[in-house]
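Using the sequences plus the hints, can you model the full thing?
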Amino acid sequence: MPVREFASGDGQPARRLWDDLGGWYRNTSPTADVDVDRAIGRLLRRSTSGRRFRRGTAAEGGWVADVHGSMVGWLYARTDPDQSYVVPLVPPEDTSGALDPLLSAARDWFRDQQVLRFFVDAPEGRADLHAAAERTGRVVWHRAVLDRDLAPLPSAPAVPASTRQFRRSDLPNVQALFQARHPEKSPPPIPVAFLELRAGWIRDPAWEMQRTIWLAGPRKEILGVAGGTHRPHAPIGFLGPWVLAEAASPPVVTELLGAIVSWLRGVGAQRVRTTIPTPPGDDARALLHHGFATMAESDLFEISS
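The sequence shown lines up with residues 0 to 304 when you count with numbering that gives the first Met the number 0.
Hints in this document: simulated from the structure, not taken from any laboratory.
Check the hints yourself; a few may be wrong.
DEER-style ranges, computed between Cβ atoms [claimed, not checked]: (1) His67 to Leu287: 25 to 35 Å; (2) Gln113 to Asp36: 21 to 31 Å; (3) Ala57 to Arg134: 23 to 33 Å; (4) Pro90 to Asp281: 13 to 23 Å; (5) Met0 to Gly290: 39 to 49 Å; (6) Arg264 to Thr293: 20 to 30 Å; (7) His289 to Pro12: 18 to 28 Å; (8) Asp18 to Glu183: 48 to 58 Å; (9) Ala292 to Thr135: 29 to 39 Å.
Cβ coordinates follow ideal geometry from the N, Cα and C atoms, glycine included.
This is the structure in structure tokens:
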């Protein structure tokens, strides 16, 4: 099936497909309708102006699959220093065979942008997306999405560790904890569809996000790190990063997680979600012990351009 670049007039049908097919991203990341509207708007402005991005800089691309003048699928692509990625919006049955040509167009574009690899998040149950990604890529992370309501945690017993907010001077010790617990470079803790990324895990992933990071432990010994992310007026908050030292006791974990839960409740969230690798490690098992339940699973594919 031939595909074409995103063009003037594609805005409304693309938005309708997001409304129909964007539930995975809407439910498992801070992606909101406004992010999609902005992404579509940027693609439309680029198609109208004919402007091209300079190689090596952040760029966006969009491609459309048409059947008899009707949009049957589209794909958004973004280059980023942290993680270049694509978001395919194609019906699960994909009777038109749109996925392969859309991914192929994105692969050619990434190659032209001098990007060696990009990522696609394939939800469990999307056998068509798995098959298309497997033909040219490999799974780098199988993850589960955990969900919990924001009922208060039981009060933790008094512990010698203190829970406090992150300070810039804590960064070396936090980085050392991450390196000790996760020496391999892991994918971001949340999927990144349509988000304006910022370099480094410590920064806001989008302008509208509220973000906090809390630490547990004495001043010179960090026992745990917990981050909270929330979009104003959204019902869902997100936990991440989340990493515990081997020496973190159950009361320390409860105290640290309780601080993030209280912060999320205070900014208006009603539920909290996070992602964990599967099979779960010690950090993830601590969340399951504190009332988190598996909501969804997916594979993150790395595809060479």
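Each hint tested on the structure:
Between His67 and Leu287 the beta carbon distance is about 49 Å. The supplied range of 25 to 35 Å is therefore violated. Evaluation of the 21 to 31 Å hint for Gln113 and Asp36 yields a pass: the beta carbon distance comes to about 29 Å. Hint check: Ala57 to Arg134, Cβ distance near 27 Å, so the stated range 23 to 33 Å holds. In this structure the supplied range 13 to 23 Å is violated for Pro90 paired with Asp281, their Cβ-Cβ distance being about 39 Å.
Hint check: Met0 to Gly290, Cβ distance near 46 Å, so the stated range 39 to 49 Å holds. Between Arg264 and Thr293 the beta carbons are some 22 Å apart, a value that agrees with the proposed interval 20 to 30 Å. The hint said 18 to 28 Å for the Cβ distance between His289 and Pro12, and at roughly 43 Å that hint is violated. Under the hint 48 to 58 Å, the C-beta atoms of Asp18 and Glu183, about 37 Å apart, miss the expected range.
At about 34 Å, the CB distance of Ala292 to Thr135 agrees with the hint of 29 to 39 Å.
This entry does not satisfy hints 1, 4, 7, 8, going by the numbered hints stated previously.
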